[in-house]
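Note that the sequence shown covers residues 45 to 306 in this note's numbering.
Since the hints were made in silico from the structure, they are not lab data. Worth double-checking, as some hints may not be accurate.
What follows is a list of derived Cβ distance ranges for each label pair [as the list claims (entries may be wrong)]:
id, residue 1, residue 2, range
1, G177, R134, 27 to 35 Å
2, G248, A282, 43 to 51 Å
3, A287, P99, 22 to 30 Å
4, T283, L145, 34 to 42 Å
5, T60, R251, 17 to 25 Å
6, V242, L65, 28 to 36 Å
7, E224, P99, 28 to 36 Å
Glycine is no exception: its CB is placed at the ideal position from the N, C-alpha and C atoms.
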Amino acid sequence: MSDNSLVALFLPADLTVLNLLVAFAIAALAGTVKGMVGFAMPMILVSGLSLFLPPDIALAGLILPTLVTNGMQALRQGAQAAWQSIYRFRIFLLVGLAFLLVSAQLVRILPADVMLILIGAPVTLFAVLQLFGIAIPISRATPRVEATVAAVAGFIGGFSGIWGPPTVAYLTALGTEKGEQMRVQGVIYGLGAVALLVAHLGSGVMRVETAPFSFALIPPAILGMWFGGKLQDRINQATFRRATLVVLLLAGANLLRRGLMM
Numbered sequence: 045m046s047d048n049s050l051v052a053l054f055l056p057a058d059l060t061v062l063n064l065l066v067a068f069a070i071a072a073l074a075g076t077v078k079g080m081v082g083f084a085m086p087m088i089l090v091s092g093l094s095l096f097l098p099p100d101i102a103l104a105g106l107i108l109p110t111l112v113t114n115g116m117q118a119l120r121q122g123a124q125a126a127w128q129s130i131y132r133f134r135i136f137l138l139v140g141l142a143f144l145l146v147s148a149q150l151v152r153i154l155p156a157d158v159m160l161i162l163i164g165a166p167v168t169l170f171a172v173l174q175l176f177g178i179a180i181p182i183s184r185a186t187p188r189v190e191a192t193v194a195a196v197a198g199f200i201g202g203f204s205g206i207w208g209p210p211t212v213a214y215l216t217a218l219g220t221e222k223g224e225q226m227r228v229q230g231v232i233y234g235l236g237a238v239a240l241l242v243a244h245l246g247s248g249v250m251r252v253e254t255a256p257f258s259f260a261l262i263p264p265a266i267l268g269m270w271f272g273g274k275l276q277d278r279i280n281q282a283t284f285r286r287a288t289l290v291v292l293l294l295a296g297a298n299l300l301r302r303g304l305m306m
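Work the whole structure out from these sequences, hints included.
Printed below as a string of structure tokens:
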């Protein structure tokens, strides 16, 4: 039996052994970036995997690695700290969850290009302004602002698997401390990843044919996250903020690219 036949027994027919190895490398890269700045794993995975896989398989592939690594990130400082973050951002979590569950059911019928452009443009603008020193401070997390950002993040996340950029833009504008921002992102994305899994069990994206591929991407994602975490421990708050903004800029530009090229 050939290597490709062995792969076909457990993984989608669109995959070859070479494609699987490339997918492992993409997952490791995504994990490294996430370990360093706390987000961008879904963006890197779905962008990279979509180059050689159908969109639904690429989306399915990111679900389980995202779920596992976000759980690790949320609990890195202990369950009590994670619970405090859940309570503090409860409005964000509840509103984001509701919009994510709704939009996930539209994944096969909703044209994504307009939504990607609408979210990519302000995220890119925010990152550029911040990198050039033009501050957009938010003195406190008002319920209205928090709910609005959560609705946008949840809606785009449901059908694209990417809900990080608006969340990070919000936390960065609040001036969140490095350690807390990493934990909060893990909590928000982790609970969002649970919702994404449940939603796409319903939509049919996560199914018997695609689940093994998603499982297979967990180990390289964890390895990359471990390495990225080592890098993150060595940088100070200013460097962390700049690195976050650079990745955020790339994320926003990538969303614009995807929207314009659809």
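>> Hint compliance check: list the failing hint numbers for this structure, sorted ascending.
In response: No hint contradicted; all consistent.
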